[in-house]
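Student: The residues making up each chain are set out below.
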Amino acid sequence: MLGAGLVLTLAGLVAILAVFASSGRNWADYPLAALVTAERLLPLFGLGLLLGELRGRTMALALPLLVAGAVLGIFWREVFFDRMAAVPGAGAHMFLTGPLACVLIGLPLVLPRSIRPWFALLLLAPASAVLAIATVLGDPTLHARSYLPSALAVQAFLVVVTALVAAGLDRPWLAIGVRIFASWLIAIGLLYGGAHLASKRNALEPPPFPALPDADGAHGFGEVLRQLDGGGN
Amino acid sequence: MKTFRVLSRLLALSLLSCAAPVAAWAHPDIAITARLLFDVQAGRLTMIAESFAFDAAHSRRLLALYDANTDGRFDETEMAALGRSLAEDLEPLGYFTEMRQAGRAVPLPAPAAFHATSEAGIVTVTLGFRLDAPLDVSEGRSVEIVLRDRDYTAAFRLTEATPVILRGGEGACGYRLQDRPDLAYFGGLVVPQAITLSCR
Numbered sequence: 138m139l140g141a142g143l144v145l146t147l148a149g150l151v152a153i154l155a156v157f158a159s160s161g162r163n164w165a166d167y168p169l170a171a172l173v174t175a176e177r178l179l180p181l182f183g184l185g186l187l188l189g190e191l192r193g194r195t196m197a198l199a200l201p202l203l204v205a206g207a208v209l210g211i212f213w214r215e216v217f218f219d220r221m222a223a224v225p226g227a228g229a230h231m232f233l234t235g236p237l238a239c240v241l242i243g244l245p246l247v248l249p250r251s252i253r254p255w256f257a258l259l260l261l262a263p264a265s266a267v268l269a270i271a272t273v274l275g276d277p278t279l280h281a282r283s284y285l286p287s288a289l290a291v292q293a294f295l296v297v298v299t300a301l302v303a304a305g306l307d308r309p310w311l312a313i314g315v316r317i318f319a320s321w322l323i324a325i326g327l328l329y330g331g332a333h334l335a336s337k338r339n340a341l342e343p344p345p346f347p348a349l350p351d352a353d354g355a356h357g358f359g360e361v362l363r364q365l366d367g368g369g370n
Numbered sequence: 392m393k394t395f396r397v398l399s400r401l402l403a404l405s406l407l408s409c410a411a412p413v414a415a416w417a418h419p420d421i422a423i424t425a426r427l428l429f430d431v432q433a434g435r436l437t438m439i440a441e442s443f444a445f446d447a448a449h450s451r452r453l454l455a456l457y458d459a460n461t462d463g464r465f466d467e468t469e470m471a472a473l474g475r476s477l478a479e480d481l482e483p484l485g486y487f488t489e490m491r492q493a494g495r496a497v498p499l500p501a502p503a504a505f506h507a508t509s510e511a512g513i514v515t516v517t518l519g520f521r522l523d524a525p526l527d528v529s530e531g532r533s534v535e536i537v538l539r540d541r542d543y544t545a546a547f548r549l550t551e552a553t554p555v556i557l558r559g560g561e562g563a564c565g566y567r568l569q570d571r572p573d574l575a576y577f578g579g580l581v582v583p584q585a586i587t588l589s590c591r
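Taken in order, these protein sequences are the chains called A and B. Using this note's numbering, read the first sequence as starting at 138 and increasing by one per residue. Using this note's numbering, read the second sequence as starting at 392 and increasing by one per residue.
Certain hints may be false.
Stated by the list, open to error - Derived coverage of chain B by chain A (criterion: at least 3 residues anywhere in the stretch with Cβ under 8 Å from a Cβ of chain A; other residues may be distant):
(1) 491 to 501
(2) 517 to 531
(3) 535 to 545
Calculated from the structure, these hints are not laboratory results. We treat Cβ as the ideally placed atom computed from N, Cα and C, and that holds for glycine.
The whole structure should be built from the sequences, with the hints applied where relevant.
Tutor: Spelled out as structure tokens, the structure:
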């Protein structure tokens, strides 16, 4: 499993670099650049470690819970927005989805292995839901159809690779390392959450609105009216 | 063992660097200044056109994606690709346009016309819709339009200079702009503006 994880990592890195290099665009304009932040990557890494530690029936239950959580999160995200809007400043910080994901995934990871699966099953669906909502909110495109599938696929890839490596490296020191990482994950989630709540930037601030050109004597509608009146496109 | 210690320190350092809160990605990411055109013929709304100007950063992205020859403008082929892509992306979202008459939602059809320009780094797209069944907008049958992106990826603002153009129905038709707190979205944090078209 370790070998499979490493091969997948290498293949994924090569694929991402190839796509980026061939796009000829700035990194900030790359739609998946929003994924490369600590509050998005760390929970994914934690989720991979958590899945890598689950076995048998627990694993069989975990996967549908993850998928169900993501689907419910995407479809009912407005209910989540409504609930979280009551938290001061949450709206300006993607409704605290990043810090919530850190805490929801860190909690089962930090617990002893004997009780970890139960807490994991309890928290996997909400963790998956907030990660999915973060993905939707992190969309830098104008709802490009390709964004959500590709962003979800890249995240699933990261989780699977981490899980395969963690499952392959079943050593006592890894168990200790995982719990240290989990306590960091919770601490970072609380730190980010606290920083967002204490932030003075609580307003939703769009970029500067541009001026609409008033060309062609028809307020810019001349060409479209010509097409509409002509009966074609 | 030495390698393991070095790796542990590297991991600890990278985690520490993650603990430093950095500015989150902006939301909303895109600002759109809009203008609408209503075409009214014999008391019926037959066509709607919408002009959207994108902020400088999103305009740059659109030019990077669709201005293949990098001349800073869209030729016919580039414009067709941009129009096709936008129409496909925005169709599930109703082109950000929620139209209602007497409480009944009136979905927009696929755009029948499209044009895009780029001036001083600002990309403006204009979409034209020919309504499948012209809407009777005679007295007491007003039509209300709200422009909004419920995920607030894009923030809309009607242009201050001539936000709505009426074509036909001069003298008999008019429009009213009104904030609608009852339609607040994105957790109730964003209050949209509604455009109400009515005729005598």
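Student: Can you confirm whether chain A covers the stretch 517 to 531 of chain B, using C-beta to C-beta distances below 8 Å and requiring at least three such residues?
Tutor: Holds: 4 residues of the stretch 517 to 531 of chain B have a Cβ under 8 Å from chain A.
Student: Are there three or more residues in the stretch 535 to 545 of chain B whose C-beta lies within less than 8 Å of some C-beta in chain A?
Tutor: holds (count 6)
Student: Three residues minimum, CB to CB under 8 Å: does the stretch 491 to 501 of chain B make the cut for coverage by chain A? Let me know.
Tutor: Violated: only 0 residues of the stretch 491 to 501 of chain B have a Cβ under 8 Å from chain A.
Violated hints amount to a single one, hint 1; each of the other numbered hints is respected by the structure.
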